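Engineer: Please arrange chain B on chain A, whose structure you already have, making use of the hints.
Keeping their order, the protein sequence lines are chains A and B.
The first sequence begins at 0 in numbering that gives the first Met the number 0 and counts up by one.
The second sequence begins at 0 in numbering that gives the first Met the number 0 and counts up by one.
These are computed hints drawn from the structure, not numbers from a lab.
Fair warning: there could be bad hints in the mix.
Stated by the list, open to error - Residues of chain A placed beyond 12 Å of chain B at every Cβ, according to the derived structure:
1) 42
2) 46
3) 47
4) 57
5) 64
6) 85
7) 168
8) 352
9) 379
10) 380
11) 384
12) 386
13) 388
Unchecked claim - Stretch by stretch, here's where chain A covers chain B in the computed footprint (C-beta under 8 Å, at least three residues):
14) 74–84
15) 301–314
16) 360–373
None of these values were measured; they are calculated from a predicted model.
By construction, the Cβ of each residue, glycine as well, lies at the ideal position given by its N, Cα and C atoms.
2 protein chains.
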Amino acid sequence: MGTHKQLTIGLFGFGVVGEGLYKVLQQTPSLNASIKKVCIKNSGKNRNAPAALFTTDKDELLNDRDINVIVEVIDDADAAFEIVTIALKNGKDVVSASKKMIAEHLPALLELQQQTGKSFLYESAACASIPVIRNLEEYYDNDLLHSIKAIVNGSTNFILTKILDEGLDFKQALLLAQQLGFAESNPVLDVEGFDAVNKWTFLLTHAYGIVPSPDSILFNGIQNIHSSDATVAKEKKQEIKLVAQAKKLKDGKVAAFVLPQFVNQDDHLAFVKNEYNGVVIESGFADKQFFYGKGAGSFPTASAVLSDISALRYEYKYEYKKLYHHQPHELSNDIFLKVYVSFDDLTLIPKEKFEWIEEWHAQADRKYLIGVIKLTELKENNWWKENGVSLILLPEPVIEEIETRKLKRRSLELAGIV
Amino acid sequence: MGTHKQLTIGLFGFGVVGEGLYKVLQQTPSLNASIKKVCIKNSGKNRNAPAALFTTDKDELLNDRDINVIVEVIDDADAAFEIVTIALKNGKDVVSASKKMIAEHLPALLELQQQTGKSFLYESAACASIPVIRNLEEYYDNDLLHSIKAIVNGSTNFILTKILDEGLDFKQALLLAQQLGFAESNPVLDVEGFDAVNKWTFLLTHAYGIVPSPDSILFNGIQNIHSSDATVAKEKKQEIKLVAQAKKLKDGKVAAFVLPQFVNQDDHLAFVKNEYNGVVIESGFADKQFFYGKGAGSFPTASAVLSDISALRYEYKYEYKKLYHHQPHELSNDIFLKVYVSFDDLTLIPKEKFEWIEEWHAQADRKYLIGVIKLTELKENNWWKENGVSLILLPEPVIEEIETRKLKRRSLELAGIV
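Chain A on its own, in the form it takes in the complex (with noise of 0.2 Å):
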């Protein structure tokens, strides 16, 4: 069935993915793809492989006529975009599994491509061995793309299934990730939702066409996620995890927001436990996909890299479809969110920026509140990030129109409020 173009890979970074993916493409010559050689940063540790093979001098693979595939599997967000960048400008095409990395800099990368005209393929670094970027950047290639959630980030999935399911609280929870390798030293990245958004960003732009910005995303992590929220979760048989969603609005602009939600047993994403990720794709011809699989880890992020090298053989490239050849979907805040906020101190509730209230629990030292507020309210002020304020969503959190102002005064009054 043809040939095949011959791959020549220049790789940096041998770490765990990269010297997976080395052994791999070893014991694999089906692939019709070698390593040539392997830029690492510290020539002092001992590698299991020969040393000729390795070199600290990255111009040595960029500018080596042979090579004409660069993998990309290092640590470093800004060394990751400069070696990207001088790859694809030299004629080569790009593997990488930076995720923060292509966040921050999307645009400029889908320029180079266009200029260039060479692949620059990163499956891995969104939920790692599930195809999800590739799915939706063929798979859903119509307007019928009516929402998609999922749990993109195995580490703070798995502190949540310790605490709801184990009854942890967060800081054990915490340490036992750290123990088992699911969490870095320092979690801030993982926890606080940084991670999450950044995959967020770029899947955003195969499903919607959408270029943002990481912080024009609202997002939270799970840091404030109390054992009192665990309690009520598991009052109203639910569970809790860190959603990304987008949802197609009837104004055909796109809600998108990375938020701790309550999610209905029934719900997929209650199946998904532990480090693992799962997505949720509803379209208005396929009804729900739902794609479920490791997200993180050495693994799982080498098969979906060497997935992108088995798709360099027939010169695949993202076509990035929904922003080239649709009209692309534009971001909107201009909706309100159901939410649930639990606290200790009820002065540190603007109850004045809710458009109602529908449930106040004040009886408990713990106390929550169960109301409708808008997401610009929450993209502008921190409040509710803030002083142990916890805000979960409900599972059915967008509203997006709210018709009339005398319920928000009604609801107030009941509540006692005003």
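Structural biologist: For chain B alone, kept in the frame of chain A given last:
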């Protein structure tokens, strides 16, 4: 990002799938695809499209030089094969939804693709909206695909769900499935496993490079599942599913079969209820991947057909990588299976054919045993499909080697049989 092939489509069939496709293509000009002509069997029907679009003469489509894509969504496997053959020979790319036709003619279809160099895509023919073929083809392009297990038939899964979850008996459940449109009025193809094994045939090609004929694969449907089997499943906290599976053996060969199976409640496949389908792919690198979605019906089918059409814009074709670029695997029936067998009449069970029998429940009206038997015994004889005998695999059914036959004699003795 470059230009794309303008697709001019000749469509065979204007049932729910064909008509749905026509509407979506009209509403999605960005796809660069339009239907020039539709070939129908019965010109008398009223259609929701201009009369000039229709013809009953297939040559009007097949000989039209403007038409570069043939999409066939008809219900007649023999006619479909003829159409596909001529279309490919006439230099047209083809999208098909006819699983029976593909299963029965796969070797010829492979040859046609090689001869003509044209694309022949059929994602909708297995698991409809779940992109299983494309992911097997593109994502597991290495020697690490350990196993694949799938629920590929929605009708039987719906019936089993009603039997297990709602206590219906087989006939009631089947009737309900028919009333809701999940089963044909003649349900034999679904219920007795023919549809599932047809799909499994070509999924094995994309997974392992095996091109089996449907009758070389051991299979059964769910027609003999007895309400007492559901009771046993409940006692064991298990579900019963019709599972198509393939597993790589230690000798590099692949065991494959389609049989009812007890499934633990924490198994991914237990999540798949009613008319849904699910696929679990286990690979050495990526651990378990789970794909879930609607497996049949007009919209999911049209969704998959649309994705194939969209893929033709960048001249995508299946490479059959496992077949042409790897050492293709061979099918092996040289294994043992751990099975549950229930029956009313002991004399119907050839006990001496079992390697050993582990459990023996002869007290109740409906009796059952659990034992180990050669796959070839089941392949060559039909006692386990007849006279109301019901055979169900245990959760981990494959035994590759048996160390000593002593075990057999001992267990038969224990069971009081010899």
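Engineer: Confirm or reject the statement that residue 386 of chain A sits farther than 12 Å, beta carbon to beta carbon, from all of chain B.
Structural biologist: Given a closest Cβ separation of 39 Å, the condition holds.
Engineer: Is the nearest Cβ of chain B still more than 12 Å from the Cβ of residue 168 of chain A?
Structural biologist: Non-interface label stands for residue 168 of chain A: nearest chain B Cβ at 26 Å, farther than 12 Å.
Engineer: With a cut-off of 8 Å between beta carbons, are at least three residues of the segment 301–314 of chain B near chain A?
Structural biologist: Satisfied; 8 residues make the cut.
Engineer: Under 8 Å between beta-carbons, do enough residues of the segment 74–84 of chain B, three at least, approach chain A for the coverage claim to hold?
Structural biologist: violated (count 0)
Engineer: Say whether it holds or is violated: residue 42 of chain A keeps its Cβ farther than 12 Å from all Cβ of chain B.
Structural biologist: Nearest chain B Cβ is 28 Å from residue 42 of chain A, so the label holds.
Engineer: Looking at residue 46 of chain A again, its CB stays over 12 Å from all of chain B?
Structural biologist: holds (21 Å)
Engineer: Non-interface claim for residue 64 of chain A: all C-beta distances to chain B beyond 12 Å?
Structural biologist: holds (24 Å)
Engineer: For residue 384 of chain A, is the shortest beta carbon distance to chain B beyond 12 Å?
Structural biologist: Since the minimum Cβ distance to chain B is about 33 Å, residue 384 of chain A lies beyond 12 Å and the statement holds.
Engineer: Non-interface claim for residue 57 of chain A: all C-beta distances to chain B beyond 12 Å?
Structural biologist: Since the minimum Cβ distance to chain B is about 27 Å, residue 57 of chain A lies beyond 12 Å and the statement holds.
Engineer: Determine whether the non-interface label on residue 380 of chain A survives the test: each CB of chain B must be over 12 Å from its CB.
Structural biologist: The claim stands: residue 380 of chain A keeps its Cβ more than 12 Å from every Cβ of chain B (closest is about 39 Å).
Engineer: Please confirm whether residue 388 of chain A is truly not at the interface, meaning its C-beta sits more than 12 Å away from all C-beta atoms of chain B.
Structural biologist: It holds; residue 388 of chain A is separated from chain B by about 35 Å at its closest Cβ, greater than 12 Å.
Engineer: Three residues minimum, CB to CB under 8 Å: does the segment 360–373 of chain B make the cut for coverage by chain A? Let me know.
Structural biologist: n = 0 at 8 Å, threshold three: violated.
When each numbered hint is compared with the structure, violations occur for hints 14, 16.
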